[in-house]
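Chains as they are written, first to last, in the numbering used here: chain A, -10 to 492; chain B, -10 to 492.
Just so you know, the hints here were simulated from the structure itself, not pulled from any lab data.
None of these values were measured; they are calculated from a predicted model.
You may find that some hints are simply not true.
[What the hints assert, rightly or not] Dumping the calculated EDC-like pairs for lysine to aspartate or glutamate here, alpha-carbon to alpha-carbon at most 16 Å:
hint, chain 1, residue 1, chain 2, residue 2
1, B, Lys402, A, Glu470
2, B, Lys402, B, Asp361
3, B, Lys363, A, Glu319
4, A, Lys382, A, Glu329
5, B, Lys402, A, Glu319
There are 2 protein chains.
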Amino acid sequence: MENAVSSEDAIVMTRARTSCHRIVPVILAGGSGTRLWPMSREQFPKQLIGVVGSDSLLQATVARMEGFTGAFEVDAQPLIVCGEEHRFATEEQVRLCGVGARIIVEPARRDTAPALTLAALAIAADADADADAIMVAMPSDHSIADLQALHAAIDIAAGYAQRGMIVTLGVPPTRPDTGFGYIRIGEPLDDGAHRIERFVEKPAAELAAQYVAAQRYWWNSGIFIVRASVWLDALRHLNGDMHAACTAAFEEGKVDGHLIRPCPNRFARVPSDSIDYTVMEHIGAAGSPCEGAVVPLCAGWSDLGSWDAVWEAMEKDTLGNVASGRVVFEGATSSYARSEGGRLVACVGTANIVVIDTDDAVLVADRSHAQDIKRLVARIREEHAPEAEMHRKVRRPWGYYDSIEHGARYQVKRIVVKPGGQLSLQMHHHRAEHWVVVRGTAYVTRGDEKFLLSENQSTFIPLGVRHRLENPGKVELEIIEVQSGAYLGEDDIVRLDDCYGRA
Amino acid sequence: MENAVSSEDAIVMTRARTSCHRIVPVILAGGSGTRLWPMSREQFPKQLIGVVGSDSLLQATVARMEGFTGAFEVDAQPLIVCGEEHRFATEEQVRLCGVGARIIVEPARRDTAPALTLAALAIAADADADADAIMVAMPSDHSIADLQALHAAIDIAAGYAQRGMIVTLGVPPTRPDTGFGYIRIGEPLDDGAHRIERFVEKPAAELAAQYVAAQRYWWNSGIFIVRASVWLDALRHLNGDMHAACTAAFEEGKVDGHLIRPCPNRFARVPSDSIDYTVMEHIGAAGSPCEGAVVPLCAGWSDLGSWDAVWEAMEKDTLGNVASGRVVFEGATSSYARSEGGRLVACVGTANIVVIDTDDAVLVADRSHAQDIKRLVARIREEHAPEAEMHRKVRRPWGYYDSIEHGARYQVKRIVVKPGGQLSLQMHHHRAEHWVVVRGTAYVTRGDEKFLLSENQSTFIPLGVRHRLENPGKVELEIIEVQSGAYLGEDDIVRLDDCYGRA
C-alpha cells in the first residue's frame, strides 16, 4: 500500500488513509570506529565519549528530541540499537540521562539497514501504541548545534513521512568535502523540501567541487524519517533476504525487560549493508517501491568524522585554538589540544595541530592529515599494541578498573564499583591481591568469611582463595588493588558465579 | 709569573720553567635551566637527564676523558661543581659511573667563574699531587659525538695551557646561530690553533651571518683549558673581590670525604658572573694579565640548548624523524618524538614538530619556536603548576617516589629505596598509610615494633604513629603506598630522625 506512491495524487491519497502522529526516535549506536583515536577505541567507540561537551555523543543524541514542539507526538522512550560488546556502557549512559529507553542488542555487526529494520519490527510489534509510528533514525555519534532548527526540519520531514515517503535531512554544503555522500535534489516540494533525485557516493575532490558549484547537491546527514511500515515494505521489495532474515531473528528473539535480543543464529544470516545502499540509492530509479524527499538541515551539523571535523565544530579563541582540560598555548594557532586524565599539555608555536592526550596514548596530528588516523590505528593493531582496542580504563557491568601502574611481578589497579554492583565470585591461580578501600564501603567474600571494609581498611586475598567484591552502599566504592605474582594476565581468573551472566 | 706571557719568546720561556703534565677534568654542573622542559625541571635540570643516550649528560661528561692518549696524564678523579639542591642526584649518577669523583657543593648559585675558581683552589690545595695541574673545564650538559677529535683538540690545547695561556675550544660554525657567543680568531699558532683576538657576545641574526661569512669567528664551546695557578692569577688581576671571596669561602669550608663544602656565609658574598665575562672578554685588551689561544673543535659538538638543537644532534631516519621510546610515525617528517614513562606517542602527518611526553606533562612544539619554551615555563610557574619545577618522580637521598594516582582523600605512591637507604623516622598528623612490598625486603619501624616485610607482605601505619622504612637488603626495595586522609600534602611530616641530616 505505502509503496505504491508515484504521483502527487497518490501522496494525497496516502495522507488521507493514515493518521499516524507518533514519532519514535531510533538511535543507531552500533558504530565501532577509531577515527577519533585515541579517545575512541574498538572497545569504547566514538558515540560513548564526550567529544564536544561533557555528555557523550550518545547521551546528546538521546536528549536531542527533548522540547520538540511540532505537530507530532514524540515517544519519551527512544529505541536504541547497539552491539552486544557495547551493551553495558550504552545502558549505563542512557540510565544516567534519566531516560527509559528500549535497547535492541545486535548479536553481530550488520551495518545500518538491519539495525533500522529491527527497530521497525519492534515498533510494528508494539501492541499498546500506534504500530505504524514515524521513525526518526539518527546516528548516535554526530553533533548538531541548533536543536530548534533540527526540530523544525524534522517536523517538516515527518509530514512527508506520514504521507508514505522516505525522508532524509540534507545539509546544504559549505565546502567540497569528499568525506560525505551527496543527495541530488529534484523537484521542489513545500517548506523548502525537494524530491530526492538520487543518492550519490562520496565523490573525488574535483567532483565534489562541481557538486557544490551546481547547488543541487546536499550532504547526506544520515538522519532518516520514515514510517515503520513504509521502511519494511521498501526493504521487502528491494532486499527480500534481509527482510526475511531480520524478521526471523526478531521473531525468534527474546524480550528481557527493556532489552530486545534478536536470535543470534538467525541474525548471523542477515546480510550486512547500509541504509543508503540497500534502499536510498534505489529511490528515483525505475521500479522503485517508494518515493523520497529531502528536507534541508541548517543546524550546525557535523559527523565529527575526524579530529579536523571536531576542531571545525568547536568554539575557538581568537587565534583559532581550542583547549579542553589542562592545556597551555604559547604562540599556537588553529590548534586543538585536549587533556584527558589530568596531564598538562603545552603547545608551543604549533599551527593546525591536534593533540589528544589520554592515559596510555597521545596523538599529535596535523589537521590536514586527520584522515590518516585509520591507517595509524591499523598499524598499531598489527603490532598488537593494546592501545588500538582498549583504554587503560576498562568498563565492566559492575563499574570499571584502571591499571595505574605495573612492574615485573606486580600491578596496581584502581577499581570503582557502582552502588549495588558486584564482581564475580572468582579465584586466581597465579596472583595474590591486596585491597585498600579509599572510598565507600566494601562487602568482601574471602574463602568462607564475609565482612565489611570501610574507608582506610584493607584486606589480603591469598593466591587460590575464592573471593568476591561487592558494593552494598549508596555511593561508589573505590579500592586500590595491588596484585602480586608471577603472572598477572586478565585471563588468570576462574569465575565461579556472576550476576551478569559471565560465569 | 704565568701572566707575563706576551710574546712568542715568553711562551718558550714559560714552557721551559714548568713541567705540569697533569690534567684534572673539571665538570661545571651547576646548571638549572628549563629549556628542555618537560624533561628538565628546576629540581632536575638538563645535565641529570639522558637527552641523547641512556646515560645522563653529566655521566657522559664524566666519561668523556676516558681513553685519552695524549701527552698528558688525566686524573681518574674528576672535580665536579654542583649546587646543593642537586647534590644527591649528582652523587648518585657519578656513583653509577663507577668513578670516584670529588664534588664541590656550591651553597648558592654564582655562575661559572666562581665555580671554576673553587675547582682551581681545590687543585692548588692538593698536597699529594702536582698542585698546578691543567684544568679541562667542561659544561656538564653538552654533547660531543667524536671523542677522539675532542681528545686531539684537548691535547693541543693543554700544550698551550702548560705554557701559561688560557685556552678555549672553538667550533667553526656551520650556520649563523644567534644562540652562541663567538670568538674572533687572531694570529695563527701551531696545530691549527690561533691566538684569541676577542670574545664577542651572542649576535643578532645579521651580524651572525657576517661572522660566518668572514670565516674568522668560531662558536664558543664553553670548554676551557687552563692551569689552576694561571686562572687564579688572572682572576685576582681582573676581579679581586671574586678571588678574595672565593678564597675565603674555600678556606673556611669543610672537606667531608669526597665532598668539598665552601663556607655558605662566605660564599654568599661571592659576586655572580660567568667565565666569559669575568676573564675571557678581557683577553686581547690592553693590560690583560694573560694571553689566550683557541683550538678548533670539529667533533659534533652541541650545547643541546633547545629541543631543536637536540633534534639536530640526533641520528635521524630517512624522513628526518627521531623516535625515542614507544613512538609511531605515520607520514611525519623532520619530527622528534620521545616517550618517557611508557605511553604510546603517535605522530600523524607532523612536520618539524617536537613531542616530549613525560609522566605529568606533554610538550608539543614547532621546532622553529623551540626557544619560546623559556616563556612557556615562566607562564606555567606563574600559575603555580608543579610541572614547572618538579617531576612526578621525586628524587630523595634514599631513592625516589612516584605519585601514581590521587583522589579526594587518598594518594598512591610507588616508593623505591636504594640498598641501605632509609627514610627519616617520621610521623603524620593527617594521614594513615598502607604499605605493600612488591619487590625486595623492608625493615619497618612502627611505634615500638620493628619487623621485616618481604615481597607480597603489607602493613598499616595508623595516623599519628611514628614509623620508618628501611632497605636492609642488597637489591632495591619497592613498595606501593596508599595514603588515606583529609590532608595529603608533603608538608604533613614530622621528622624525628634522619641519616641525611634533614631532621
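> When you check the alpha-carbon spacing of B:Lys363 and A:Glu319, does it fall within 16 Å?
Replying inline: Roughly 11 Å between the alpha carbons, so the hint for B:Lys363 and A:Glu319 holds.
> Does the structure keep B:Lys402 and B:Asp361 at a Cα separation of 16 Å or less?
Replying inline: violated, 33 Å
> Is the straight-line distance between the alpha-carbon of B:Lys402 and that of A:Glu319 16 Å or less?
Replying inline: It is violated: about 32 Å lies between the C-alpha atoms, which goes past 16 Å.
> Taken at face value, is the distance from the CA of A:Glu470 to the CA of B:Lys402 at most 16 Å?
Replying inline: holds, 13 Å
>> What's the verdict on A:Lys382 and A:Glu329, does the C-alpha distance respect the 16 Å limit or exceed it?
In response: holds, 12 Å
Violated hints, listed in ascending order, are 2 and 5; each of the other numbered hints is respected by the structure.
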